[in-house]
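Asks: Here are the chains, one letter per residue:
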Amino acid sequence: MLDTNKDSLKLEAMKRIVAMIARGKNASDLFPAVVKNVACKNIEVKKLVYVYLVRYAEEQQDLALLSISTFQRGLKDPNQLIRASALRVLSSIRVPIIVPIMMLAIKEAASDMSPYVRKTAAHAIPKLYSLDSDQKDQLIEVIEKLLADKTTLVAGSVVMAFEEVCPERIDLIHKNYRKLCNLLIDVEEWGQVVIISMLTRYARTQFLSPTQNESLLEENPEKAFYGSEEDEAKGPGSEEAAAAALPTRKPYVMDPDHRLLLRNTKPLLQSRSAAVVMAVAQLYFHLAPKAEVGVIAKALVRLLRSHSEVQYVVLQNVATMSIKRRGMFEPYLKSFYIRSTDPTQIKILKLEVLTNLANETNIPTVLREFQTYIRSMDKDFVAATIQAIGRCATNIGRVRDTCLNGLVQLLSNRDELVVAESVVVIKKLLQMQPAQHGEIIKHLAKLTDNIQVPMARASILWLIGEYCEHVPRIAPDVLRKMAKSFTAEEDIVKLQVINLAAKLYLTNSKQTKLLTQYVLSLAKYDQNYDIRDRARFTRQLIVPSEQGGALSRHAKKLFLAPKPAPVLESSFKDRDHFQLGSLSHLLNAKATGYQELPDWPEEAPDPSVRNVEVPEWTKCSNREKRKEKEKPFYSDSEGESGPTESADSDPESESESDSKSSSESGSGESSSESDNEDQDEDEEKGRSSESEQSEEEGEKKKMKKRKKVPEGQREGSSSDEGSDSSSSSSESEMTSDTEEEQVEPASWRKKTPPSGKSAPAAKEISLLDLEDFTPPSVQPLSPPTVVSTSLAADLEGLTLTDSPLVPSLLSPVSGAGRQELLHRVAGEGLAVDYTFSRQPFSGDPHMVSVHIHFSNSSDTPIKGLHVGTPKLPAGISIQEFPEIESLSPGESTTAIMGINFCDSTQAANFQLCTQTRQFYVSIQPPVGELMAPVFMSENEFKKEQGKLTGMNEITEKLTLPDASRSDHVVVQKVTATANLGRVPCGTSDEYRFAGRTLTSGSLVLLTLDARPTGAAQLTVNSEKMVIGTMLVKDVVQALTQ
Amino acid sequence: MIHSLFLINCSGDIFLEKHWKSVVSQSVCDYFFEAQEKAADVENVPPVISTPHHYLISIYRDKLFFVSVIQTEVPPLFVIEFLHRVADTFQDYFGECSEAAIKDNVVIVYELLEEMLDNGFPLATESNILKELIKPPTILRSVVNSITGSSNVGDTLPTGQLSNIPWRRAGVKYTNNEAYFDVVEEIDAIIDKSGSTVFAEIQGVIDACIKLSGMPDLSLSFMNPRLLDDVSFHPCIRFKRWESERVLSFIPPDGNFRLISYRVSSQKYVDGSTRICHHISVCWVELTFPCFMLTVGYLNSSLLPLAMAHEETRKNCLVAIPVYVKHSISFKENSSCGRFDVTIGPKQNMGKTIEGVTVTVHMPKVVLNMNLTPTQGSYTFDPVTKVLTWDVGKITPQKLPSLKGLVNLQSGAPKPEENPSLNIQFKIQQLAISGLKVNRLDMYGEKYKPFKGVKYVTKAGKFQVRT
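The listed protein sequences derive, respectively, from chains A and B. Heads up, the first sequence is in the UniProt record's numbering, so the first residue is 1 and it goes up one at a time. Heads up, the second sequence is in the UniProt record's numbering, so the first residue is 1 and it goes up one at a time.
If we strip away everything but chain A, and leave its shape as in the complex, we get:
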């Protein structure tokens, strides 16, 4: 049928073949006929052929090769789904000859436009690896490339490939760590599980143990285990208290990345997938500080409602956890109560958990529950319950007697198993404190008449023998009875009778000598050789004779040596060295391919390895990054502020991602967030106006400090400054405009000389703030053309205001006040500031020129200042300044550096190296500095503006405060905010400015239509919408202040 031309017949044939495959029958002899149809047009036939091909290609390699070309064609198809499925089938064909073709296909697909194809490429990697492990190195390259992918679709699959091919290459994760954390919530469930377990391992190698300091404090309760549990018994209330108390007493500070991981995984506890919940639970168990682990309990208890297989796995894990962290599950004790309909394996696990959870306070309830279980029909379960009671009794001293009495009562149970189990448990319990329990031993002795279960009888005899001193009268009597029935007993009992006889002979030979000899001679002729041997051996030992004197002297020692009490402990005791939730943990044995969970490192590895600049990052990651940067410098001061800080940052970043998630629905969140920011801003303004009165130099410092205040409450530490500008590196996302953004303009407005103002005013300020402005050394560099444009703009403003044009103003307006790059404390005496000079950079017109001022306030010269290993986001490049040979104490110098910011406000991060030290610094441009002024006529302006409407136009209404209604103030404020040139304009109420972005040269046109009433409308037209939006924001802020 396969040879017909009719698709329907082919389909029918293929269906039959597939049905054969499904039933496990061999259909390989049809291979040639099937392969011919690989190019069939009918999709269903094609799919079934694929199924067949993948199944049998391994067996018929030569014939399979015939089909390869079809897939190779498919790989070039314009439809992404066809490309993907071609790659999928191609990589599933396990024929070693095509390895190079596969490799090529994977490499190509890894850089495909479509994320779906890239995902398929990630899937293909482990397939190729299992086919030919020599390709590992090349595959790792592909993995590295795919790991950098930013789509959620790819993330899960590539991490899976990573886990299968090169789980040891943890270094590949560094750069992607934060991205993975942030993407996690949007990845599909299966990917989440893989990523979470990989990140658990990663975190174990990269962060310090959050419990390292606690462990000392905890050791005692941990040892006592069931002893003093007061604080845990108090329940979650005290846990919270402990959570509050912990941060204050421990000097440990959690790495912000560590915190990021914990925070981003927490919502996944509410996933519908049990596997994800378990993965998060194990992550918390292994990584979170003790106070936070509690959150997982609720989710795990929820899983207990699921399918019984899920229950089984979850209970296993809960059992392990409950040994270590009992308090966590205590509130949920009742959820582990057993129903008679549960399968036995679940019952036994629940029992295990209940036993682990039992403590002084809840033991009465637990025991009452156990009492119900003992009457169960399921005898295996009853036996397990008795053992559980025994464990409770050994662990909780208070109830030992109660348990013992209960168990003794059980001795009268009809069921052999129950009695035997109780006797065994009683035996163990008695061994712990025999002296007080003479009564029970007597009771047991009486039971020998009734109990028939050999194991139980043997246990009783052993007990009597062992503690015959406590029951001196009864013991010989028991022996007498046993001697009478000796021949009828089971072997195990007989052995114990011999034992008892021997022990009694040694302690009380007067009464029992004859009995012992009688027993021994009975045993001598027993059918069982074990018993005969034992009898012979015992006789030689205890009965004094001439030859065996040496041994018999020690007989007492041999028989009556104190025996250690058995320890009753959980079989889950040491399982937690396996990663929870793993197959190995479940089996309590290492499974193939299990990756050990590494121990916490002693010293934290360099956290900076995770620093990457990715524009999509949200604010929280910026924040993390900044904090982290400070860490190497300020670890001590951070120590105090750390916990509060991390707590603080929580809600903010929450709301941040909130706005991200709600952006689809366009809900009000983002606006509420910007409200907050507005408030911050207001605060800011209040503060800055306050500080105006203070001395200029000091003011600057303060302002910078204040910038940080809303986030961190870290007023005391000036430590933030070093990393100041790195913070707001991601402005591509509009909502993530950080506070700095809005603050910065405010701060330079203060310090920038009012450009359009009269010369004396400008001079005055520049006298005070001399070094803030273009240092003399660079002045010669300014090329005339651009100066003239800016001059033209200035002229425009000046003519309108009738102010005299003063030559000193010809020097270009410095864009921003001095920003701190490196504080002198952080820099060990080296203080570095930078300003945007607004001069074109001589080397490359696309670069923003940045003036960097170094001053050495230490008492030793600083040598060999240069820029080292910049870590730059894509597109951004740096023209380094020439190395500064030496900077003697007290001296200052300036260097110029060019940075091509690629029309984005991402920070340029680099290292500032001296001969001895390296400092991580970063420069963050305000959006206004990313452009250069252009001179154009009004008509030109209007023409260009006409082209840039619609999406490219951003309009904002504002009200100008009285103080800034005059023309020159407006012009000055706008030009201070952005490096734009004034465009002449006919009407007096309208102001126009024009500029081009440095890198792409796109026009930026700004129009301000100001009414005399103060109402105004600001319009920015720019191809670069992001820049436009940010510019509007900045200018509005500058104007309304």
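One or more of the hints may lead you astray.
[Unchecked claim] Derived DEER-like restraints, expressed as beta-carbon distance ranges:
1) B:V387 / A:S308: 49 to 57 Å
2) A:N79 / B:N256: 50 to 58 Å
3) A:N79 / B:K352: 55 to 63 Å
[Claimed, not checked] Using 30 Å as the maximum straight-line C-alpha spacing, the simulated DSSO-like pairs for lysine-lysine come out as follows:
4) A:K15 / B:K135
5) A:K107 / A:K324
6) A:K557 / A:K590
7) A:K150 / B:K131
8) B:K21 / A:K298
9) B:K135 / A:K76
10) A:K573 / B:K38
11) B:K459 / A:K446
[Stated by the list, open to error] Stretches of chain A that chain B covers, calculated by requiring three or more beta carbons in the stretch to come under 8 Å of a beta carbon on chain B:
12) 50-60
13) 179-193
14) 893-901
What the hints contain is simulated information worked out from the structure, not anything from laboratory work. Cβ coordinates follow ideal geometry from the N, Cα and C atoms, glycine included.
Using the hints provided, position chain B relative to the given structure of chain A.
Replies: Structure of chain B alone, referenced to chain A:
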């Protein structure tokens, strides 16, 4: 990850096998059969079995075993979850997940499995995507297919997989736009001999059936969202929105799906004050209703006068037990018979009728036969499995249903020590026992007016009375 899958029926036949990597011989299942023999009961087969070269992870669903073969370390729940998802998909496609259904549709099953896993790693598991790839069989389609020769495999390629919302397919169109929500609550309880509640909690789910055109963006709000303290969500729900506003906001998948599941427990450990209230209310309730009930007040202030606290408690009881059972089951020593007397009555049923009441009892092994007379409904006793089922039906408070009679035991056998526990099933329509109420459903993103409906049902979950 997942190497192979075998489907095995109760009699131990392997009727389907699928390999995602190289072929694993069927003989690997022998280890499974061994374990199955050892376990005696199907429920007691350990889900994870270790064999010399492989690990077998299995689930038991609808009288079928899904046995997957694993070679390397993998989180067991990952596999178990996946296998259940496979079973769910079969259920979804064929209406039932049975051997017959799978055998009849073996090609579709194979195609599904092929799409769901790639090299052992889950690929497409969302039912909406799968249905775009492979159309579920319907009678109409099979007729059409046989005439026109078209196929079950979708010729349009799924776009959902590529979008940000993989759970919804594109281009949904309905003439009647409807959105239905079923709030189903199940009461899990253990009630001890004396009638006091040992443990009680409510397990609720909201199942949705959404037939809305386009890309609707729904938000569902509750009158009392604070009730829900432990919730798990369908991936479509925006978690942040719930965290901040307690509103379920989502773009729904098309068709039937489970929106959330939640738990309302009697064990409230919210904070100190609630706990005090807990004590107050429990004491009070025990005083007022000697027949007891375990309730938890959800009070804000612990200083309320007791009477008010009571008032509050009645309004807010989280776990009310709607039925009570009077029972006396006794076996006489040294005689081969016993007495059995069970009466069931309504309690705290919020004025609704309790319907569909069934009592199931696993009698001890020594019970030979039962001679009972029900005042209402009918009973059956299976002498092989020793299961007594009493189908009561509706409970009318005027005449309480009871079941009385004699139990015949094996002669000579000792009397059973334990009385069997009673498993009770019931159903209350139009009531969510936790008091959860849907406030409103808003739709954004589409212009039409959908028809909306909410239904409440309370059922007994694992409701067990110890005797």
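Asks: Hint by hint, say whether it matches the structure.
Replies: How the hints compare with the structure:
Checked against the hint of 49 to 57 Å, the C-beta distance between V387 of chain B and S308 of chain A comes to roughly 19 Å, which is inconsistent with it. Our hint of 50 to 58 Å for N79 of chain A and N256 of chain B is violated, since their Cβ atoms are close to 31 Å apart. Range check, N79 of chain A to K352 of chain B: Cβ separation about 56 Å, and the 55 to 63 Å hint holds. Annotation: proposed proximity of K15 of chain A to K135 of chain B holds, straight-line Cα distance about 16 Å (limit 30 Å).
A C-alpha spacing of about 47 Å is found between K107 of chain A and K324 of chain A, which places the hinted pair above 30 Å, so the restraint is violated. Straight-line distance between C-alpha atoms of K557 of chain A and K590 of chain A comes to about 43 Å, which puts the hinted pair past the 30 Å bound. With a C-alpha separation of about 28 Å, the suggested pair K150 of chain A and K131 of chain B falls inside the 30 Å cut-off, and the hint holds. A hinted pair counts as satisfied when its Cα atoms are at most 30 Å apart, and K21 of chain B with K298 of chain A does not qualify at roughly 38 Å.
Taken as a hint, the K135 of chain B and K76 of chain A pair is honoured in the structure, with Cα atoms around 28 Å apart against an allowance of 30 Å. Of the pairs offered as hints, the one joining K573 of chain A and K38 of chain B holds, with about 26 Å between alpha carbons and a cut-off of 30 Å not exceeded. A hinted pair counts as satisfied when its Cα atoms are at most 30 Å apart, and K459 of chain B with K446 of chain A does not qualify at roughly 53 Å. Look at the stretch 50-60 of chain A against chain B: 4 of its residues bring a Cβ nearer than 8 Å to a Cβ of that chain, three or more, so the hint holds.
Counting residues of the stretch 179-193 of chain A whose beta carbon lies closer than 8 Å to any beta carbon of chain B gives 6, which reaches the threshold of three, so the coverage claim holds. Coverage of the stretch 893-901 of chain A by chain B is violated in this model, with 0 residues showing a Cβ closer than 8 Å to a Cβ of that chain against a need of three.
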